[in-house]
Amino acid sequence: MFDVNAAVDEWVVRTLGEQCRDSKRAAELADHLHCEIEAARAEGRSADEAFALATTRMGAPGALAEELAKNRSALAAVCEPLMREERRWRGSARTLLLAHALLWAAGLIASAAWLASSHADAATRWTVVGTMPALWYASDLVVKRLLGASPARGRR
Amino acid sequence: MAPSKDLVAASAIPLILSLLERGDSYGYAIIQEVRALSNGDVEWADGMLYPILHRLEKRKLVGAYWGVADNGRRRKYYRLERAGRAELKTQRAHWDKFHDMLQRVKGGLPCST
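Protein sequence lines correspond, in order, to chains Y and D. Take the first sequence: its position 115, counting from 1, is numbered 115 in our numbering, and each next residue is one higher. Take the second sequence: its position 18, counting from 1, is numbered 1018 in our numbering, and each next residue is one higher.
Keep in mind the hints are simulated off the structure, nothing from the lab. One should not assume that every hint holds.
Said to hold, decoys possible - One-sided and incomplete, this derived list gives chain Y residues near chain D with beta-carbon spacing under 7 Å:
(1) W11
(2) A26
(3) E28
(4) D31
(5) H32
(6) M58
(7) G59
Stated by the list, open to error - Taking lysine-lysine and the PhoX-like style, the derived pairs with C-alpha atoms no more than 20 Å apart in a straight line are:
(8) D:K1058 with Y:K144
(9) D:K1106 with D:K1089
(10) D:K1076 with D:K1089
(11) D:K1060 with Y:K24
(12) Y:K144 with D:K1060
(13) D:K1089 with Y:K24
(14) D:K1106 with D:K1060
(15) D:K1058 with Y:K24
Where is the CB? At the ideal position from N, CA and C, for every residue including glycine.
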């Protein structure tokens, strides 16, 4: 007897190939194929006929995988402005990370130099040493929050 | 009469955003709704919709969440986000503009009022 679930799973693996490691994408594609199969079944077709028709409607596995992987469809062409914006944002994110790292490196060196040369009392020294990690943690949190609001978050 | 590929492509995002404005939906349902709205003239290939949905999701124009369909399967639903509503408003204004221009030309109205 034809096992629709097994056939769908196998088709999804064949279609997505490497991308199949992204189980959410595989689940979304499998759900779509099941919907197509159910529509074909509602038209009175047998399970294997419905599966064959549904996969035909979905497109050739190779072509579909390429489509899903490269976003090079005619429809995806309209996304080009969005893609440009995303690339621009990623450039800004890299700059932000680099600036953050350089700023902290400079801050740490300056603090160390000041502690070594100043005649500050022990309380002041401990205050500086104790404050630096807290400040670093806070600024790291801010940077992560900024990056978390980015289009790169949750990138597949 | 089926519209050209270019026109189908250009209208994809405003159509998706418009459909999601009516309520949360998922890939297969969106394709079916577009087919029904166009009386079968606009056929989106299954593999073409998802790259667009995923990009809209990354741009925060739409959000996504996993739910369970009536048949018990896991299903990814999409919803319109605030930024998506703003984008839809802009796109609608553009489409209305072109529609208005075409109507004016068709109706023989003066080019400027």
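Checked hints:
no. : hint                 : in the structure
1   : W11                  : violated, 12 Å
2   : A26                  : violated, 10 Å
3   : E28                  : holds, 5 Å
4   : D31                  : holds, 5 Å
5   : H32                  : holds, 5 Å
6   : M58                  : holds, 5 Å
7   : G59                  : holds, 5 Å
8   : D:K1058 with Y:K144  : holds, 17 Å
9   : D:K1106 with D:K1089 : violated, 25 Å
10  : D:K1076 with D:K1089 : violated, 25 Å
11  : D:K1060 with Y:K24   : holds, 18 Å
12  : Y:K144 with D:K1060  : holds, 17 Å
13  : D:K1089 with Y:K24   : violated, 31 Å
14  : D:K1106 with D:K1060 : violated, 38 Å
15  : D:K1058 with Y:K24   : holds, 15 Å
Hint compliance for this structure: hints 1, 2, 9, 10, 13 and 14 are broken, all remaining hints hold.
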